[in-house]
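**Student:** Quick mapping for you: the protein sequence lines, in order, are chains X and L.
Just so we're aligned, residue 300 is where the first sequence starts under the working numbering, counting upward by one.
Just so we're aligned, residue 300 is where the second sequence starts under the working numbering, counting upward by one.
By construction, these hints were calculated from the structure, which means they are not laboratory data.
Chain copies aren't distinguished; within one or between two, either way the pair holds.
Derived EDC-like pairs (lysine to aspartate or glutamate); straight-line CA-CA distance at most 20 Å:
{"hint": "1", "residue 1": "Lys303", "residue 2": "Glu399"}
{"hint": "2", "residue 1": "Lys308", "residue 2": "Glu425"}
{"hint": "3", "residue 1": "Lys694", "residue 2": "Glu399"}
{"hint": "4", "residue 1": "Lys420", "residue 2": "Asp638"}
{"hint": "5", "residue 1": "Lys308", "residue 2": "Glu378"}
{"hint": "6", "residue 1": "Lys372", "residue 2": "Glu358"}
{"hint": "7", "residue 1": "Lys372", "residue 2": "Asp416"}
{"hint": "8", "residue 1": "Lys492", "residue 2": "Glu504"}
{"hint": "9", "residue 1": "Lys531", "residue 2": "Glu543"}
Since the model is a prediction, treat every value here as computed from it, not as a measurement.
2 protein chains.
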Amino acid sequence: MAQKPSIPKGTRDFGQLEMARRNYIFDTIRSVFALYGFQQIETPAMENLSTLMGKYGEEGDKLLFRIQNSGEKAALAPEKGLRYDLTVPFARYVVQHREEITFPFKRFQIQPVWRADRPQKGRYREFYQCDVDVIGSDSLIGELELIQIVEEVYRRLGIRVCLHINNRKILAGIAEVIGAPDKIVDITVAIDKLDKIGIDAVNAELRERGLSDEAVSALQPLLNLSGSSAEKLTALRTILAGSETGLRGIEEMEEIFELVNSQRSTSINSQPSTFNLELDLCLARGLNYYTGAIFEVKALDAQIGSITGGGRYDNLTGIFGLPNVSGVGISFGADRIYDVLTELNLFPTSLQSATQILFAAFGPDELRYALTWAKSLRANGVAAEVYPEPAKMKKQMGYADARQIPFVAIVGGDEMAQQKVMLKNMATGEQQLVSLDQLNEKIRK
Amino acid sequence: MAQKPSIPKGTRDFGQLEMARRNYIFDTIRSVFALYGFQQIETPAMENLSTLMGKYGEEGDKLLFRIQNSGEKAALAPEKGLRYDLTVPFARYVVQHREEITFPFKRFQIQPVWRADRPQKGRYREFYQCDVDVIGSDSLIGELELIQIVEEVYRRLGIRVCLHINNRKILAGIAEVIGAPDKIVDITVAIDKLDKIGIDAVNAELRERGLSDEAVSALQPLLNLSGSSAEKLTALRTILAGSETGLRGIEEMEEIFELVNSQRSTSINSQPSTFNLELDLCLARGLNYYTGAIFEVKALDAQIGSITGGGRYDNLTGIFGLPNVSGVGISFGADRIYDVLTELNLFPTSLQSATQILFAAFGPDELRYALTWAKSLRANGVAAEVYPEPAKMKKQMGYADARQIPFVAIVGGDEMAQQKVMLKNMATGEQQLVSLDQLNEKIRK
Numbered sequence: 300m301a302q303k304p305s306i307p308k309g310t311r312d313f314g315q316l317e318m319a320r321r322n323y324i325f326d327t328i329r330s331v332f333a334l335y336g337f338q339q340i341e342t343p344a345m346e347n348l349s350t351l352m353g354k355y356g357e358e359g360d361k362l363l364f365r366i367q368n369s370g371e372k373a374a375l376a377p378e379k380g381l382r383y384d385l386t387v388p389f390a391r392y393v394v395q396h397r398e399e400i401t402f403p404f405k406r407f408q409i410q411p412v413w414r415a416d417r418p419q420k421g422r423y424r425e426f427y428q429c430d431v432d433v434i435g436s437d438s439l440i441g442e443l444e445l446i447q448i449v450e451e452v453y454r455r456l457g458i459r460v461c462l463h464i465n466n467r468k469i470l471a472g473i474a475e476v477i478g479a480p481d482k483i484v485d486i487t488v489a490i491d492k493l494d495k496i497g498i499d500a501v502n503a504e505l506r507e508r509g510l511s512d513e514a515v516s517a518l519q520p521l522l523n524l525s526g527s528s529a530e531k532l533t534a535l536r537t538i539l540a541g542s543e544t545g546l547r548g549i550e551e552m553e554e555i556f557e558l559v560n561s562q563r564s565t566s567i568n569s570q571p572s573t574f575n576l577e578l579d580l581c582l583a584r585g586l587n588y589y590t591g592a593i594f595e596v597k598a599l600d601a602q603i604g605s606i607t608g609g610g611r612y613d614n615l616t617g618i619f620g621l622p623n624v625s626g627v628g629i630s631f632g633a634d635r636i637y638d639v640l641t642e643l644n645l646f647p648t649s650l651q652s653a654t655q656i657l658f659a660a661f662g663p664d665e666l667r668y669a670l671t672w673a674k675s676l677r678a679n680g681v682a683a684e685v686y687p688e689p690a691k692m693k694k695q696m697g698y699a700d701a702r703q704i705p706f707v708a709i710v711g712g713d714e715m716a717q718q719k720v721m722l723k724n725m726a727t728g729e730q731q732l733v734s735l736d737q738l739n740e741k742i743r744k
Numbered sequence: 300m301a302q303k304p305s306i307p308k309g310t311r312d313f314g315q316l317e318m319a320r321r322n323y324i325f326d327t328i329r330s331v332f333a334l335y336g337f338q339q340i341e342t343p344a345m346e347n348l349s350t351l352m353g354k355y356g357e358e359g360d361k362l363l364f365r366i367q368n369s370g371e372k373a374a375l376a377p378e379k380g381l382r383y384d385l386t387v388p389f390a391r392y393v394v395q396h397r398e399e400i401t402f403p404f405k406r407f408q409i410q411p412v413w414r415a416d417r418p419q420k421g422r423y424r425e426f427y428q429c430d431v432d433v434i435g436s437d438s439l440i441g442e443l444e445l446i447q448i449v450e451e452v453y454r455r456l457g458i459r460v461c462l463h464i465n466n467r468k469i470l471a472g473i474a475e476v477i478g479a480p481d482k483i484v485d486i487t488v489a490i491d492k493l494d495k496i497g498i499d500a501v502n503a504e505l506r507e508r509g510l511s512d513e514a515v516s517a518l519q520p521l522l523n524l525s526g527s528s529a530e531k532l533t534a535l536r537t538i539l540a541g542s543e544t545g546l547r548g549i550e551e552m553e554e555i556f557e558l559v560n561s562q563r564s565t566s567i568n569s570q571p572s573t574f575n576l577e578l579d580l581c582l583a584r585g586l587n588y589y590t591g592a593i594f595e596v597k598a599l600d601a602q603i604g605s606i607t608g609g610g611r612y613d614n615l616t617g618i619f620g621l622p623n624v625s626g627v628g629i630s631f632g633a634d635r636i637y638d639v640l641t642e643l644n645l646f647p648t649s650l651q652s653a654t655q656i657l658f659a660a661f662g663p664d665e666l667r668y669a670l671t672w673a674k675s676l677r678a679n680g681v682a683a684e685v686y687p688e689p690a691k692m693k694k695q696m697g698y699a700d701a702r703q704i705p706f707v708a709i710v711g712g713d714e715m716a717q718q719k720v721m722l723k724n725m726a727t728g729e730q731q732l733v734s735l736d737q738l739n740e741k742i743r744k
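Please put together the full structure from these sequences, using the hints given.
**Tutor:** Given below as structure tokens:
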């Protein structure tokens, strides 16, 4: 009885081309992380529900995938759930392993997460996150390095980006000076939607959330400050003069800009700038645990929202009993980066086929001969396949075509007698009789 | 309120050194797969329970982790479960995507699987599998390439191994000639335990499973055939003369040995042999879907059981409605390979620290200076860290020590004035004042 196979909604299979492209993204990110000394860790797919519950708000709790207990406890309430993000497991990891960890702890983590969200275009129930954090230091060098990492990753991927930066302390200062210091969360949640719903809807939401008309009015010029980032910061200094927190936020921003600029203008190996860094007072990021700088990266040439984001937090591990550990981190959105690279046609064509050459043999003796040649190429690091049967040449060439293998080495009796193969360039159709040395030479360049 | 954080039993966190070592294993395997043109795919962690149920026997069904439905359907019986292995999802993948796949399909897959097994030493509820298969061809070139892959992977890892090989058709032939043709499954299940429980217990089990005393007696000399693999095959030819299936199995084995030997003795780039290939008539592998060659790899210098295994199957996809697709595959046991490399002290020491150099600055100006130098090194591909604060030198050196970073560049006012740094080799304690060019030179070699 045949079952019609399928996969759960909101999940995906990744075929070889998608995998090659996803690996290209992850390998690029990973290699940049490594240059800065970030170390990879992995945590289990399952966490205890007590670790996960209450960390993502009421809505988040509902989106946790719960795992039925096994054995005798099957009827009882689930005790385990699938990882919902990499942040909470990371906080749990830091607290659990704090005796073994050398701080500042620079870690990255690339693993799937699961959310019982309603599946829709671009939203999946299983997707990869790619987080990088430095924890256990409040030095703004952390922010600098993450900014440099963003610049370098997108330079390598060929995506032009703008890195929007803001500071929670500035937002808190704004809440103070407009007379709504207790509304900082409401303000950030509302203005976080500015891009999506527009200023009028944001203002309506602010009023709904209990801001007075005066406070909303006072907020408007702040959201509309113009000029360069430096000019905005100067203007803010006056406006936030009455808020100690706000002024501290401005100082942090000034130092970050100064650090980034001094490193970019340095004469040693200055690279062409492929990205802009911009103070964006409308950037809020809804998550409550941010306490300092917040980041969001947008591609300049694609309309797709944020492709990387993060910020500074002062108490991520407090929920697990380790207070006052400051850290800063960002998360790369692999699915969106994939979409941008696809839209802009930026994936290297070499990802189409890892195999560089297929040997196609006319008969069993030729097949043996081909195996020997393939072995020699592989010993030189060349990815080589041998069609496993002396099938019709049309079938073998069709295989090379479908797999987009750039070269085919055809082996018949004549070629074998001459200790050669007929090398066909699949793009140009060109054919050439070559020796093994010539073949090695040709393929490697 | 502090919660004491922990992870579900049978699961593991992987810290940076474990990750570096695991990545070393996976990268080694992956790079060999790539040389042979195998392509990576990934399937979702969750599969429909209908895909998984009934594929692993009654015992297996019990070990599936079931995922509670979300939303309104929460009270109903679960519809999804976590992947139990990579074989069934692969069969499902092949059937579901058969229109897009170019056959023969050479795929590999490296992903975690989950089993609600009782956790014990060396047995986990979450662990990685690493499977490689070629499907859609019955050519024995498939067996050859997998054998070559095993040889090359273990050569690169430095592990001396013996590859035990047998054939299900030979086992079927044996069942025939001892007069118990319907007992082939019972015979394979029982003799599969020979290594663990010994010949007497195996014989007892065979009788329990309904084999007559005569059949058990007739089986003994076959399990004890001596001599080289070729000699055993010759002896078998006589014994199995009455079994067509058995003779076909012998032919397959002879061809595989001949293929492997002809490729090994070839004059082109013959590599020193680091492994033995051996016909092992006691090798059965309990899984029922094998129909031809079966493999198992054991490390010669560690007592740890099989570290790689697999075989030929003729109907893996039949359960999903696509019959008669022949394939052959093997699975590398990453956890056991890890244990062998640890036991034999074979992990490269370079895995201890990815970071090659730490900059340790005496003050804020020195820190800026160090950032510029680090940037230059990174542009040359050197993994460099800058301690993010001008902390006490002891603390910064302690960080380098704990992280096992091989070089520290110390920056004080004097060094800065001379446009140099004091380079300390952490292994030897040697110190040397160097320019940026000299540093680049020293670190890269």
